[in-house]
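Using the sequences and the accompanying hints, generate a full structural model.
Order-wise, the sequence lines are chains A and B. Count the first sequence with numbering that gives the first Met the number 0 and you get residues 0 to 166, in order. Count the second sequence with numbering that gives the first Met the number 0 and you get residues 0 to 186, in order.
Hints were generated in silico from the structure; no laboratory data involved. Where hints are given, some of them may not hold.
Computed footprint of chain B on chain A, listed as stretches where at least three residues anywhere in the stretch have a Cβ under 8 Å from a Cβ of chain B [unchecked claim]:
| hint | stretch |
| --- | --- |
| 1 | 10-21 |
| 2 | 147-153 |
Once the Cα atoms are required to be at most 35 Å apart in a straight line, the calculated DSBU-like pairs of lysine-lysine come out as [claimed, not checked]:
| hint | chain 1 | residue 1 | chain 2 | residue 2 |
| --- | --- | --- | --- | --- |
| 3 | B | K6 | A | K159 |
| 4 | B | K88 | B | K6 |
| 5 | B | K25 | A | K69 |
| 6 | A | K157 | B | K6 |
| 7 | A | K126 | B | K174 |
| 8 | A | K69 | B | K88 |
| 9 | A | K159 | B | K105 |
Just so it is clear, CB atoms sit at the ideal spot from N, CA and C, and this is done for glycine as well.
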Amino acid sequence: MENELNKKVLEQLIKVFSDDIKSAEESYGMLSVTVSKNKIYAIIKFLKENTETNFNFLTDLTGIHYPDSKEDLGVIYHLHNFYKNHRIRLKIFFSTQDSYVDSIVDLYSGANWMERETFDFFGIHFKGHPNLTRILNMEDMLIHPLRKEFPLEDQSRKDKNDAMFGR
Amino acid sequence: MEITDKKVSLAKMPDGHEGAGFFATKLDDAVGLARKNSIWPLPFATSCCGIEFMATMGAHYDLARYGSERLSFSPRQADLLMVMGTISKKMAPIVRQVYEQMAEPKWVLSMGACASSGGIFDTYSVLQGIDRIIPVDVYIPGCPPRPEQVIDGVLKIHELVQNESSRRRYSEDYKSLMESYGFESGK
Ligand code: SF4
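What follows is the structure in structure tokens.
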């Protein structure tokens, strides 16, 4: 770790959560920590409420899908400490069968719509979310479109010739 | 200053019989003539094509020359629904509702590849052509179509409006067309 702040935050995390911190790296000066899914709520709560880390703002929360790996689904959190202008990235990974993650809406209200979006596009369920419904797609959509097993194209078109359009 | 004799082209008189102080023609023709030259469009502009439509309404191309000076932003007073731009599936019920709120007789113009067929957006979230949810009278191809094409499309609508029989909207054909889209038939 080149950045002193990053080093301190990581040390604190390891001290408190030891085994639940799976890996950490620093890319372009920003700390990325992969943690275990079950502890994500506790870790974010710690990062927010601890006066030294003090990550008071949730910049973003989104999903990701790597269909070839065993723990194929992921959620990425970006937190920001406004006082020191310091950022951190948290990642959790888990399998599609076990896509239940603790909601952090009670820590950051801004997570509400982001979690709904992540649910909408990746089918990740956030436990404890006050209103986990689709937000951008139609309510009656059956798929979670950013999962790789679902095709991008609209399936109702009959006029496209496979030989020409390579579907 | 000399006033030159400029030719003003008036709307063409429909066929009929004329004599001293009277002119007799078919009601359809007279109504068609009046309607055609005073169409109130409702612009349903969602993306890039909407920008091109703004140019069409602007002074340079000036759709107002064709009797469409007044855009109607309320469906209830509109004659022509102009759907311009990408219609996502989530937007589809709104287009339908707007169409349903328009009073008969009403026409629909679909501008651009997106509105007509989904265009480049062959994806899960985009409606693959508005003719899947409402009947369309005129399609304008292009991505985006130039304002000249939009004007051409509006003139095609004019032709339809002028030549429409006043009984068409009561006909069985029209009724079944409406029912095929799931609307209660017009009247
Ligand atoms: S047809 Fe082309 S210009 Fe028109 S809305 Fe679609 S992408 Fe934009």
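Against the structure, the hints come out as follows:
no.: 1; hint: 10-21; result: violated (count 0)
no.: 2; hint: 147-153; result: holds (count 5)
no.: 3; hint: K6(B) <-> K159(A); result: 51 Å, violated
no.: 4; hint: K88(B) <-> K6(B); result: 49 Å, violated
no.: 5; hint: K25(B) <-> K69(A); result: 76 Å, violated
no.: 6; hint: K157(A) <-> K6(B); result: 52 Å, violated
no.: 7; hint: K126(A) <-> K174(B); result: 50 Å, violated
no.: 8; hint: K69(A) <-> K88(B); result: 33 Å, holds
no.: 9; hint: K159(A) <-> K105(B); result: 31 Å, holds
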